[in-house]
Amino acid sequence: MYAIEAKGLVKQFDGFRAVDGVDLKIPEGSIFGILGPNGAGKTTMLRTLLGIIDPDAGSRTLLGSDRPISQSRHVGYLPEERGLYQSMRAVDTIAFMGALRGLPLKEAATKGRILLEEAGLGYAADRQIRQLSKGMAQTVQLMGTIVHDPKLIVLDEPFSGLDALNQAKLEKMIRAQAAKGVTVIFSTHVIAHAERLCERIAIIAKGKISFDGLVSEARDRLRPIVHLETETRDGPWRQALPAEAKAEGHYWHFTLPETGVEPLLTALVEGKAGIRSLSIERPGLHDAFVAIAGEAVAAEMDDAAAGEAK
Amino acid sequence: MREIFRAAFVIARRDFTAIIYSKAFIFFLLGPFFPVLVGFAAGNLGGQIAKEVSQPVVGIALAKADSDKMLAARQSLSKTLGDRYFAQMKIVGDADAAQINPQTYLRKKTDNLSVVVTGTLTKPIVTGTANAIDRERADIELLAGYAQSGGSLQLPQATPDVVVETANNDKQLRTITAQGGQILVFFLTMLLAGMVLSNLVEEKSNKIIEILAASIPMESVFLGKLFAMLAMALLGIAVWTSIGLAGFMAVGPDLPSYPTPAVGWPMFIGLCFTYFIMAYLMLGALFLGIGAMAATVREVQTISMPVTMAQLINFFFASYALTKTGEPLEKFAAIFPFSSPFAMIGRAALEPTLWHHAVAITGQMLFAVLLLRLGVYLFKKNVMKSGSAGRVSEEGVRKLFGLIKVRR
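Protein sequence lines correspond, in order, to chains A and B. 153 is the number that the working numbering gives to position 153 of the first sequence; each next residue is one higher, with no gaps. 230 is the number that the working numbering gives to position 230 of the second sequence; each next residue is one higher, with no gaps.
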């Protein structure tokens, strides 16, 4: 069963295709990351999937319904552009957001207080939003996103604007929700978050999905890297190394040949290379992303992430 | 449908609470009193000025006995015709004592004379400018004639025979009632529709609109906002009516009375109230559609100005149509949705037929729903572009509905 299914989804603004023929299947109960640089079409895709805007072409189902808004009671959504009523109290804000999703107002307020207590913000429950710090306000909005116990949580760039401590808290919350069987989808341009949290990812660039699958599948697209240190610098064992192997003195770095590690080891031992050390490194998601989306897109994302960190 | 109204209630409750606890609500409540206060102050000031500006006086320079008779005649006739009917009169000379050129009196600035009457009661001479003579001559002749008769001139007494209605002047009188109703509903509608618009723009600038759009149908957002403002308006009307009634109790019979409308007062008030709701729902839905696509107050002002002007034209059109009952122009005003509520208020005042109103109210309601759906459609089509949050870009109004292609 899929939480979200999209087929040939297209959304364009003034002739520009923000979402360009997206096919996507997000299984229920997974943490799903949507990776892409700024302007890749992540937000528009999420808005289209949630029914905030209608697609120009293609179809989508959300929790089995082709009318996404009809499932809104089971969905929690944190938009990229955070917004709250400044004069509303924190607890009322959560209650209001819960009431929007079908929860009785009183029940939502009670749950709101509990959530704020759990987040260590119980003391701020009766403060107006304008009296809270940006991080606190963001936490309040996040509480409003989950107060009605949704089956699906969609977070658009949830880590942006948060300090390291709050990022860690958010990661913990995402894991806790996933542990309860909730499907969590979040978009990000920071690969590290996706790598730490997601089982599955989709990589989007220029409105198109260039990869959709398990994180391990993405990483498996690249051969592991072998780091080798030998006693001798030359010998017949060199024949076992791929032609593109880079040498730094006694150190060698190369991708593991398709034949695997055993024939390589045999050749090194028989060729008397004198192995001092040998490690095989599995490529990270970043390397996989570079391979899938291209160097330029990856550099763009790195720049954006670095800029945000500053 | 049930979900749409449930969600609309959540929005309406939030908006209503937020509004009545805001400073803006105090100003809203006080709003109608400002024109009343200004009108009252202007009236008093005007009266004061009128008092202070010296009124023209008719100078009398007849023989002493004739002058006294003239003044007595004025006093006597004023009881019948009213004190303000005749200009003030003052004896400025005695023809028996000395014959003085009347122009000498007119040149005396302190007396402020418009004309001077010399000669005799049988042959009075009026000296003054041509305009002043035209203005005073008939009155002087009347007074001289009455004075001559020594107060024995008997004016016939007409016997009053009061009827409730006449075909001739009822329409004219009821038009006043119709105009009163139209003006009241128009101003209230414009005031509220403007507030709905500001409210939605505030929501967009707060960036809450995306949360709302993701949580509930946009129809609910629009409906909720309309109903919240309507509830606020009803609260306002309740307050104003209470104050108005208190004022009426205090002033009582001195208040001006409007002619009874053709459908009777209770039905007329009910229809005015219904048409107010219809006019507000239509204009509010239109403004919401506009507001959904504007990001800043400045953009709202730019976009809403032509709509406000158009609505003003509609109002004048409906007012003008009052004088053309039954003619194609008036029928068009009654059918055209934006002028229909005002034109139908006119009909309620002038014609007793009721089924017209049932048809008009149904039509207006359907049109309001259509506008609401159109607003939602335009919102979904043009708003929520990533990053822009629905901002109407530099092309502004031209691009508003996405119906006109802009050359780059």
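Certain hints may be false.
Below, a list of computed lysine-lysine pairs in the DSSO-like style, where the Cα atoms sit at most 30 Å apart [as the list claims (entries may be wrong)]:
#1 A:LYS7 with A:LYS169
#2 B:LYS331 with B:LYS380
#3 B:LYS324 with A:LYS151
#4 A:LYS208 with B:LYS381
#5 A:LYS151 with B:LYS380
#6 B:LYS90 with A:LYS206
#7 A:LYS169 with A:LYS151
#8 B:LYS90 with A:LYS25
#9 A:LYS111 with B:LYS90
#10 A:LYS106 with B:LYS90
#11 A:LYS134 with A:LYS169
#12 A:LYS25 with B:LYS381
#13 B:LYS90 with A:LYS7
#14 A:LYS134 with B:LYS123
#15 A:LYS206 with B:LYS381
#16 B:LYS108 with A:LYS206
Hints were generated in silico from the structure; no laboratory data involved.
Results for each hint:
1. Taking the CA atoms of LYS7 of chain A and LYS169 of chain A, the gap is about 34 Å. The hint is violated against a cut of 30 Å.
2. Among the hinted pairs, LYS331 of chain B with LYS380 of chain B is inconsistent with the structure: their alpha-carbon atoms are about 36 Å apart, more than 30 Å.
3. At roughly 63 Å between alpha-carbon atoms, LYS324 of chain B and LYS151 of chain A are farther apart than 30 Å, so this suggested pair is violated.
4. Taken as a hint, the LYS208 of chain A and LYS381 of chain B pair is honoured in the structure, with Cα atoms around 21 Å apart against an allowance of 30 Å.
5. Only pairs whose Cα atoms come within 30 Å are accepted, and LYS151 of chain A paired with LYS380 of chain B is accepted, the gap being roughly 25 Å.
6. Pair hint LYS90 of chain B plus LYS206 of chain A does not hold up; C-alpha atoms about 96 Å apart against a cutoff of 30 Å.
7. Pair hint LYS169 of chain A plus LYS151 of chain A holds up; C-alpha atoms about 20 Å apart against a cutoff of 30 Å.
8. At most 30 Å may separate the alpha-carbon atoms for a hinted pair to count; LYS90 of chain B and LYS25 of chain A exceed this at roughly 103 Å.
9. Annotation: proposed proximity of LYS111 of chain A to LYS90 of chain B is violated, straight-line Cα distance about 89 Å (limit 30 Å).
10. At roughly 82 Å between alpha-carbon atoms, LYS106 of chain A and LYS90 of chain B are farther apart than 30 Å, so this suggested pair is violated.
11. With a C-alpha separation of about 15 Å, the suggested pairing of LYS134 of chain A with LYS169 of chain A holds against the 30 Å cut-off.
12. Of the supplied pair hints, the one linking LYS25 of chain A and LYS381 of chain B holds, its CA atoms being roughly 25 Å apart against a limit of 30 Å.
13. For the proposed pair LYS90 of chain B and LYS7 of chain A, the alpha carbon gap of about 100 Å is over 30 Å, so the pair is violated.
14. Taken as a hint, the LYS134 of chain A and LYS123 of chain B pair is broken in the structure, with Cα atoms around 96 Å apart against an allowance of 30 Å.
15. For the proposed pair LYS206 of chain A and LYS381 of chain B, the alpha carbon gap of about 21 Å is at most 30 Å, so the pair holds.
16. As the CA atoms of LYS108 of chain B and LYS206 of chain A are separated by approximately 94 Å, the hinted pair breaks the 30 Å bound.
In the structure shown, a violation is registered for the earlier hints numbered 1, 2, 3, 6, 8, 9, 10, 13, 14, 16, in ascending order.
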